[in-house]
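Chains as they are written, first to last, in the numbering used here: chain A, 1 to 345; chain B, 1 to 345.
Note that these hints are calculated values from the structure, not bench results. Warning: the hint list may mix true and false statements.
Since the list can't tell identical chains apart, any single copy or any two copies may satisfy a pair.
[What the hints assert, rightly or not] Restricting the straight-line Cα-Cα distance to at most 30 Å, the calculated cross-link-like pairs of lysine-lysine (DSSO-like) are:
| # | residue 1 | residue 2 |
| --- | --- | --- |
| 1 | 144 | 23 |
| 2 | 68 | 291 |
| 3 | 340 | 23 |
| 4 | 118 | 205 |
| 5 | 261 | 336 |
| 6 | 82 | 25 |
| 7 | 341 | 136 |
| 8 | 11 | 126 |
| 9 | 25 | 291 |
| 10 | 261 | 136 |
| 11 | 309 | 291 |
| 12 | 184 | 309 |
| 13 | 184 | 340 |
| 14 | 261 | 25 |
| 15 | 291 | 74 |
| 16 | 8 | 147 |
| 17 | 23 | 118 |
| 18 | 122 | 82 |
| 19 | 181 | 309 |
| 20 | 337 | 68 |
Predicted model only: the values in this text are computed from it and were never measured.
Protein chains: 2
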Amino acid sequence: MFNVVEWKDNKVVMIDQRLLPTKEKYNTYKDYKGVAKAIKDMVVRGAPAIGVAAAMGSALGALQSTAKTPRAFKSDFNRVCKHLAATRPTAVNLFWAIERMRGVFEANSAKSTGEIKKILIKEAIKIHDEDIEINKRMGKNGAKLLKMNSTILTHCNAGALATAGYGTALGVIRAAVEAGKNVKVFADETRPFLQGARLTAWELKKDGIDVTLITDNMAGYMMQQGHIDAVVVGTDRVASNGDVANKIGTYSVAILARAHKIPFYVAGPTSTIDMNIKDGSEIPIEERSEKEVSHFAGVRVAPAGINIKNPAFDVTPSRLVTAIITEKGVVTAPYKKSIKKLFSK
Amino acid sequence: MFNVVEWKDNKVVMIDQRLLPTKEKYNTYKDYKGVAKAIKDMVVRGAPAIGVAAAMGSALGALQSTAKTPRAFKSDFNRVCKHLAATRPTAVNLFWAIERMRGVFEANSAKSTGEIKKILIKEAIKIHDEDIEINKRMGKNGAKLLKMNSTILTHCNAGALATAGYGTALGVIRAAVEAGKNVKVFADETRPFLQGARLTAWELKKDGIDVTLITDNMAGYMMQQGHIDAVVVGTDRVASNGDVANKIGTYSVAILARAHKIPFYVAGPTSTIDMNIKDGSEIPIEERSEKEVSHFAGVRVAPAGINIKNPAFDVTPSRLVTAIITEKGVVTAPYKKSIKKLFSK
Chain A
1 MFNVVEWKDN KVVMIDQRLL PTKEKYNTYK DYKGVAKAIK DMVVRGAPAI GVAAAMGSAL
61 GALQSTAKTP RAFKSDFNRV CKHLAATRPT AVNLFWAIER MRGVFEANSA KSTGEIKKIL
121 IKEAIKIHDE DIEINKRMGK NGAKLLKMNS TILTHCNAGA LATAGYGTAL GVIRAAVEAG
181 KNVKVFADET RPFLQGARLT AWELKKDGID VTLITDNMAG YMMQQGHIDA VVVGTDRVAS
241 NGDVANKIGT YSVAILARAH KIPFYVAGPT STIDMNIKDG SEIPIEERSE KEVSHFAGVR
301 VAPAGINIKN PAFDVTPSRL VTAIITEKGV VTAPYKKSIK KLFSK
Chain B
1 MFNVVEWKDN KVVMIDQRLL PTKEKYNTYK DYKGVAKAIK DMVVRGAPAI GVAAAMGSAL
61 GALQSTAKTP RAFKSDFNRV CKHLAATRPT AVNLFWAIER MRGVFEANSA KSTGEIKKIL
121 IKEAIKIHDE DIEINKRMGK NGAKLLKMNS TILTHCNAGA LATAGYGTAL GVIRAAVEAG
181 KNVKVFADET RPFLQGARLT AWELKKDGID VTLITDNMAG YMMQQGHIDA VVVGTDRVAS
241 NGDVANKIGT YSVAILARAH KIPFYVAGPT STIDMNIKDG SEIPIEERSE KEVSHFAGVR
301 VAPAGINIKN PAFDVTPSRL VTAIITEKGV VTAPYKKSIK KLFSK
């Protein structure tokens with residue numbers, strides 16, 4: 001179908017998600033700084049995909065090192081990791097992947113530079129492949145929650161394009177479709193970056209899954225009219241109490257779902273759960289460029305000289321979350337307890 | 001400042017709202033069919049402005065008639081009115097204005113064709129001028145509800161550009177600012193037509209009123225963060241029970257406001273109240289072209305071959321409405337009673 005992030009001939013290849021759905025173009029990176037810029041500029045986006053890209057970026061950075069001593073090599077690798085970690089603040093998978101690569105580096109630090117480089121590349125590819133497997137397990141766990149012939153609202157893109165493949169929220173939908181559940185999807189267009197219109201609609205259409213595009217402000221109306229049976233979204237970071245950071249607008253959808261007594265499901269791998277934070281208030285919310293709001297498809301749509309806000313994420317309190325779907329199982333409130341239990345398995 | 005709809009040298013002149021904020025262009029219409037097309041294509045939009053445009057359009061149509069007999073003249077005028085009424089279904093001001101013009105025609109039917117034409121033109125200009133006066137009275141009534149130093153969220157454009165001038169929701173804000181209340185505004189961009197980004201931000205900036213633009217899906221987040229003190233929106237039609245039709249997304253904002261215990265105010269002239277309907281379920285919701293969602297400025301933003309919905313309005317049940325602000329006063333629940341009382345004044 002398409003590769004989101006791939007390790008190929010000692011380079012990182014990524015589909016340029018900024019150009020979809022009109023162009024399907026692949027960019028090749030041979031410098032880790034290019035990978036970092038691609039994460040920052042949203043060539044690649046989606047928490048799990050960012051994690052995979054960062055892992056591959058760190059392997060690429062290690063490969064680029066010309067250090068002659070273990071100490072210099074380690075210093076190079078640390079610089080690479082630091083550079084990659086400074087790209088986007090909200091998705092925890094970025095930091096999770098970098099930490100995992102650091103751990104592998106440490107565990108093999110006695111080996112030769114050449115050997116460590118090979119091990120890091122192998123680990124990055126492993127993170128990639130594992131991500132797809134994890135999504136498929138998550139999909140199966142989540143598909144059970146979706147009813148036959150139901151219509152699912154999703155926000156942003158938590159699909160194959162947001163992961164190494166298959167998707168988190170869209171993975172749940174794919175698994176339900178594969179289980180013969182005849183599920184249909186409503187996709188919020190998701191301003192300002194239009195991940196719903198550009199990416200979710202594109203990949204669902206490729207898969208032959210029935211998708212209806214709406215603007216973000218139509219979600220409440222569609223719920224009021226009885227068109228939505230459940231909401232499934234992805235997540236960029238889940239706090240240890242079940243608070244969920246996700247694309248801006250997710251919180252509004254959660255409030256609307258609650259007001260209409262519609263279940264609100266969050267799908268994310270356990271790598272998205274941040275056990276180091278008590279609740280959502282500790283999750284940094286990235287503020288992106290005003291231009292994403294003032295311009296639309298390169299055309300100015302707002303007058304110059306006004307104030308503009310562009311928070312890229314929001315936090316949905318766990319009380320609005322019906323269940324969190326992970327590869328290790330589905331958890332429900334009380335989340336502090338159920339999430340802790342996930343990690344003791 | 002700018003004229004939204006104007007009668008000038010026996011022609012109708014309108015600012016082309018599709019080109020704002022980048023171009024301030026005025027279109028001149030000498031054919032009532034051109035006025036009808038301008039309403040349909042949203043050169044002019046906003047319930048009260050549509051009413052004024054339709055009134056002027058009907059006067060223009062009468063003026064164009066070459067009928068030699070009263071009967072033929074009346075038949076011409078009826079055709080004009082029917083043509084204008086078929087442009088947009090949701091805003092009741094369109095039908096209200098046409099009915100008023102019809103009434104004036106009837107009341108003067110004994111007069112000569114030439115005299116009736118003059119009377120119709122005078123009436124259309126009167127509707128225009130009255131609208132501004134009504135907005136100013138409404139503004140004063142509503143301004144009392146807004147607190148000192150408060151920040152108001154508005155959706156779509158219920159401003160000078162949506163009326164003959166001054167505005168309904170933005171009229172309330174203007175009146176509050178004029179009363180020295182130091183009110184700031186958050187404007188939802190209002191997809192798909194971007195009335196918030198293109199029109200509300202533009203006219204508030206012109207007036208030197210502090211305005212912050214957000215995408216529609218940021219409204220919940222801004223409320224959660226405590227940035228919004230009240231919501232004020234306009235309306236295209238109010239049912240006799242207080243249900244409010246307004247731009248798509250208004251219902252979602254009302255749900256969000258209720259969830260955050262933020263007052264939700266609706267500003268509209270009594271001409272927007274439709275006493276002929278029992279509740280909001282009787283208000284027809286216009287479905288507009290899919291292209292408004294799939295494209296922007298000629299650029300495709302969604303893949304071809306998917307389903308798209310584009311309802312232009314939604315209905316907010318009166319239980320979510322804190323108060324309705326009219327030129328005759330502010331009414332609150334129970335609306336059936338309070339609205340009825342408005343018309344007995």
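For each hint, the structure was consulted:
1. 144 to 23: neither (35 Å within a copy, 53 Å between copies)
2. 68 to 291: neither (44 Å within a copy, 59 Å between copies)
3. 340 to 23: The answer is neither: 43 Å in one copy and 57 Å across copies each exceed 30 Å.
4. 118 to 205: neither (38 Å within a copy, 58 Å between copies)
5. 261 to 336: both (23 Å within a copy, 28 Å between copies)
6. 82 to 25: within (28 Å within a copy, 52 Å between copies)
7. 341 to 136: Only inside one copy: residue 341 and residue 136 sit 21 Å apart there, 61 Å across copies, limit 30 Å.
8. 11 to 126: For residue 11 and residue 126, only the intra-copy Cα distance (16 Å) is at most 30 Å; the inter-copy one is 72 Å.
9. 25 to 291: Close inside one copy (23 Å) and across copies (25 Å); limit 30 Å.
10. 261 to 136: Classified as within: same-chain Cα gap 28 Å, cross-chain 41 Å, threshold 30 Å.
11. 309 to 291: both (10 Å within a copy, 27 Å between copies)
12. 184 to 309: between (33 Å within a copy, 14 Å between copies)
13. 184 to 340: neither (33 Å within a copy, 44 Å between copies)
14. 261 to 25: Cα proximity of residue 261 and residue 25: none, with 41 Å in one copy and 47 Å across.
15. 291 to 74: The answer is neither: 39 Å in one copy and 54 Å across copies each exceed 30 Å.
16. 8 to 147: neither (40 Å within a copy, 61 Å between copies)
17. 23 to 118: Classified as neither: same-chain Cα gap 34 Å, cross-chain 58 Å, threshold 30 Å.
18. 122 to 82: Close inside one copy (21 Å), not across copies (73 Å); limit 30 Å.
19. 181 to 309: Result: close only across copies, 23 Å inter versus 40 Å intra.
20. 337 to 68: neither (49 Å within a copy, 86 Å between copies)
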